[in-house]
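Those protein sequences? They're chains A and B, same order as listed.
Per the numbering used here, the very first residue in the first sequence carries number 219; after that it's consecutive.
Per the numbering used here, the very first residue in the second sequence carries number 83; after that it's consecutive.
Don't take every hint at face value.
[Stated by the list, open to error] In silico lysine-lysine, BS3-like type, Cα no more than 27 Å apart, as pairs:
no.	chain 1	residue 1	chain 2	residue 2
1	A	K249	B	K289
2	B	K158	A	K256
3	A	K250	B	K289
4	A	K250	B	K298
5	A	K249	B	K84
6	B	K303	A	K249
7	A	K250	B	K91
8	B	K84	B	K158
9	A	K256	B	K298
10	B	K289	B	K90
11	B	K91	A	K249
[What the hints assert, rightly or not] Just a few of them, taken from the derived set where beta-carbon distance is under 8 Å, the chain B residues facing chain A:
no.	residue
12	L85
13	N89
14	I101
15	F103
16	I108
17	Q120
18	H121
19	W122
20	A123
21	V129
22	F172
23	L176
24	P187
25	M283
26	N299
27	N304
[Unchecked claim] Per the computed footprint, the stretches of chain A lying under chain B, defined by three or more beta-carbons under 8 Å from a beta-carbon of chain B, are:
no.	segment
28	229 to 235
29	239 to 253
Source of the hints: derived by calculation from the structure; they are not laboratory data.
Backbone N, C-alpha and C fix where the C-beta goes; we use that ideal spot for every residue, glycine too.
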Amino acid sequence: MYNFFNYFLLVYIIVVGAILFWFIFHFLNEKKLFLSNKQLSLDKDDS
Amino acid sequence: MKLFFQNKKNLILLIIVSILFIVNLINIIFFTPMIADQHWAQKIFYVHVPSAWVGFLGYFIVMISGFMLLIKNDIKWDDTALAAAEIGTFFMALVLITGPIWAKPIWGTTWIWEPRLTTTLILFLYYMGYFMFRSFGGNIERIRRQAAVLGIIAFINVPIIFLSVQFWDPEIQSHPQVEMANQPPEILYSFLFSLSVFTIMFILMLKYKVHLINLKNLSNKNV
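The following block holds chain B by itself, in its conformation from the complex:
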């Protein structure tokens, strides 16, 4: 087995992603419009929302892998689920850190117990429980199957977070009901570009994490 970045394809992907991140930064700073009442704080949007998207994508993969594990009973799906869960939670933590920085100038406070923030925090804490459950030990076969079920149940929260602005009354919402399709092209295209850059980064991180889990499994077998 080789080191992950000794593989030329992976190294090229890393270089491409690094360049794209620099291009994304330049694009956000110089080519996106400045919103009058929010100024630089609004530009957090181009980093905060893609981080949330990548987090949800990770949880979506956990759900799919959970189903596949229960159907096919192949360990590789458990490895994928674990890798995706870790990366999803990593980005969810970034969302919960960057969100309050954006919220402070807009809402005047870092945290409000409103539907979207509360459901996001619930999802994050749920996954903390998921990792704790996995680390408790016991019958490995049973843990894998139960973790798959937990991953499937957790995903129910994702559409609730996404649609929370429509589910609950507008009076208790702090998030605006923004239709991305109605945004001016300079905002929309920059947002889609940032979303793509973060998605490519997620793919690279997922590949790397799965590779590491395989290496760890191999190491455990050798001992």
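Isolated chain A, as found in the complex:
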């Protein structure tokens, strides 16, 4: 029969895992943008 692991849990892990990955990816991206913005404004202040 359609068991718990191969059907329901697999789908739940795919969906929640993808959402989690989305957040981690965007968090790292945000951090990178944030630091580069900070650096650029510091460079502007120096000049």
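Add chain B to chain A, keeping to what the hints say.
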């Protein structure tokens, strides 16, 4: 500008959504009835359908933002449309991945060229074209307005997908004509709970994505 989760409200929303996802999982596993002929495979329904709902909600926001951009000509509507389009397509991809896993035990095959599946795939591919169009470059003002029109046209497909089981003859349908209101309360309430959890998650993701687009715009201005 602060990091998104340095804002207390956003952090609290993230914690609430995470707890709700765990509660949702426990509820689906232990408190929803087991359907005799589908067993655990039927419980995919509580994840698959809310993912589709959130995808359509994203496309609805793209359409509204498109209209607002064309009327008000304010860039913030384009940012919202882009964020909603990305999240909508993300969930649509999840629907197209989880659907075949559910379909295999029920229909005996992962894919059938029947109305609802075909129109869903068309919508997904249409949005692939939408992102390609946006990334081609050119006059940014013109791209924004044309993307808004594309987003409005794309939404025509959403009611077609939703009503496809009524539009076409029953002989070519694989999706059952299920009336959610006629479902037993254990199924209906669990489904509505899952739908609400996914909707709150969508709101958080949309806020985060809009924040990131603003940060990117700021970064482009500084360069």
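For each hint, the structure was consulted:
| no. | hint | verdict |
| --- | --- | --- |
| 1 | K249(A) x K289(B) | 16 Å, holds |
| 2 | K158(B) x K256(A) | 23 Å, holds |
| 3 | K250(A) x K289(B) | 19 Å, holds |
| 4 | K250(A) x K298(B) | 10 Å, holds |
| 5 | K249(A) x K84(B) | 10 Å, holds |
| 6 | K303(B) x K249(A) | 18 Å, holds |
| 7 | K250(A) x K91(B) | 22 Å, holds |
| 8 | K84(B) x K158(B) | 19 Å, holds |
| 9 | K256(A) x K298(B) | 13 Å, holds |
| 10 | K289(B) x K90(B) | 14 Å, holds |
| 11 | K91(B) x K249(A) | 19 Å, holds |
| 12 | L85 | 6 Å, holds |
| 13 | N89 | 12 Å, violated |
| 14 | I101 | 13 Å, violated |
| 15 | F103 | 6 Å, holds |
| 16 | I108 | 11 Å, violated |
| 17 | Q120 | 7 Å, holds |
| 18 | H121 | 4 Å, holds |
| 19 | W122 | 4 Å, holds |
| 20 | A123 | 4 Å, holds |
| 21 | V129 | 5 Å, holds |
| 22 | F172 | 6 Å, holds |
| 23 | L176 | 6 Å, holds |
| 24 | P187 | 5 Å, holds |
| 25 | M283 | 7 Å, holds |
| 26 | N299 | 10 Å, violated |
| 27 | N304 | 4 Å, holds |
| 28 | 229 to 235 | holds (count 5) |
| 29 | 239 to 253 | holds (count 9) |
In this structure, the hints that do not hold are numbers 13, 14, 16, 26, in rising order.
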